[in-house]
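Quick note, the sequences are listed as chains B and C, same order. For the first sequence, this note's numbering begins at 6 and goes up steadily by one. For the second sequence, this note's numbering begins at 49 and goes up steadily by one.
Quick caveat, the hints were computed from the structure, so don't treat them as lab data. In this text, all values refer to a predicted model and were calculated from it rather than measured experimentally. Treat the hints with caution; some may be incorrect.
[To be verified] To give an idea of the interface, some chain B residues facing chain C are shown, with a C-beta separation under 8 Å as derived from the structure: (1) 12; (2) 17; (3) 57; (4) 89; (5) 92; (6) 95; (7) 98; (8) 106; (9) 112; (10) 139; (11) 143; (12) 144; (13) 146; (14) 189.
Quick reminder that beta carbons are idealized off the backbone N, C-alpha and C, glycines included.
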Amino acid sequence: MNWLFRSLNSSIGKKVIMAITGISLILFLLVHLANNLTLFAGPSTFNTVVKSLDSIKPFIRVIEVILALIFIFHIFNGVRLWYENKIARPTPYAVNGSSKNSTLLSRTMIHTGSIIFIFLVIHLSTFWNAFNFSDLHRTHSYYEFTADMFSNVYYSIFYIIAMIILGFHLNHGFQSAFQTFGWNNNKYFPLVKALGFLYSVLMAVAFSSIPIYFLLIGGN
Amino acid sequence: MAEKKINLLVKVWRQPSTTSVGSFVDYKISVSPDSSFLEMLDEINNDLEKKNLEPIAFESDCREGICGTCGLVINGQPHGPIPKIATCQLHMRNFKDGDTVWVEPFRAKAFQVMKDLIVERSGLDKIIAAGGYISVNTGSIPDANAIPISKERSSIAMDAAACIGCGACVAACKNASAMLFVSAKVSQLALLPQGQPERTRRVQNMVKVMDELGFGSCSNTYACEAECPKGISVKNIARLNREFILANVKSDNIEA
Ligand code: SF4
Ligand code: FES
Chain B
6 MNWLFRSLNS SIGKKVIMAI TGISLILFLL VHLANNLTLF AGPSTFNTVV
56 KSLDSIKPFI RVIEVILALI FIFHIFNGVR LWYENKIARP TPYAVNGSSK
106 NSTLLSRTMI HTGSIIFIFL VIHLSTFWNA FNFSDLHRTH SYYEFTADMF
156 SNVYYSIFYI IAMIILGFHL NHGFQSAFQT FGWNNNKYFP LVKALGFLYS
206 VLMAVAFSSI PIYFLLIGGN
Chain C
49 MAEKKINLLV KVWRQPSTTS VGSFVDYKIS VSPDSSFLEM LDEINNDLEK
99 KNLEPIAFES DCREGICGTC GLVINGQPHG PIPKIATCQL HMRNFKDGDT
149 VWVEPFRAKA FQVMKDLIVE RSGLDKIIAA GGYISVNTGS IPDANAIPIS
199 KERSSIAMDA AACIGCGACV AACKNASAML FVSAKVSQLA LLPQGQPERT
249 RRVQNMVKVM DELGFGSCSN TYACEAECPK GISVKNIARL NREFILANVK
299 SDNIEA
């Protein structure tokens, strides 16, 4: 199995890991979003959905472990790439001309990624933690809990900013994954880029719409 | 009529040797807009030599964008502000009177500064030596229709073969990655019939040496394509990725 390890440890292998985990997370976000949007259908629908997920907990746990591994690989590998790439240029240029040859979003993946990581930790320690290990387990008042969280202006604003930054990260990441797999040709790549842009905007807007909704209707 | 000249402040990186500490030195010059960038440096050097001072060390050979030796980073951009030309093809008419021009060597761990603006670029040669060739004697030029290959395919191969090995892609990349260079060299052979026998081994060995030499990993910012004097497309990098992934998945060689 040494050959596999070596392949994945090469510069291209590391890109491939970023791309595969990235695409998996892109798909996961779609499922997560679909779930969140049921909030708009009101308390009873949302609570029933979450409750039904609760009833297949063992299965969900397996998915969560896989998801956690994907996140860990993506984050670990991303940080490693960033660090190794820093070392590849020990002396910086006196004049930084990078704005003339590349986009800001493509150069700041480590920064947007770090902010998303902070968001992830807070998100897990609030929502995921509460949904899994609190009283909500008995009361099943998930909707009310969510409404309560987002009635806090600061939390909502933080959430919205994080989602916009997620959009930035996704916009570069989406097309980047296709390039890494070697799927860049004249016919389809402009389509991939456009699709990636649409997807990123959709994620940022749709995820943000929930805190905005609760802020507007004022708690419950 | 006296020729109209432009006055510039040129800040040049001076570093006596690899191990010594370098710094920028200011040179004021009045230069014809028709002279090339390298001629402008020549003029500064003539002046320095007249004063018995050490001239600025920089590389050049063909001075017509073919050999790839002349790369400099000018105001933060490899080969200067004009796309798709080498430093030797840049003319002073692209600068305005009173401009400050920063001239730096290519920067990368794999490109150590040897002196002033000259960097050690033999890493690129080592990558070529690892597989950027074909081992059979191809004989004399074959008849145009003797090799069964489409015009489209040969054009893409020729576009990749336009790479002059200047290293500007490495210099432009925030990760100091040599992916565009390697991808061009892998592509030109992978696309042609002559390159097939060693196709798998070639990509595996070239990527291996590229990694060993301390070039960074590509993160798809595409700065390389924007700064490449030959306009080598990042589609070649996509092809390199594909070649490498397929080579590793398909080949039976577990040592590669
Ligand atoms: S790909 Fe372009 S920038 Fe890179 S070495 Fe070749 S010619 Fe120079
Ligand atoms: S001197 Fe040969 S490419 Fe510039």
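Item to complete: Starting from the hint list further up, note which numbers the structure goes against and sort them upward.
Response: Per hint list: 3, 10, 11, 12 and 13 violated.
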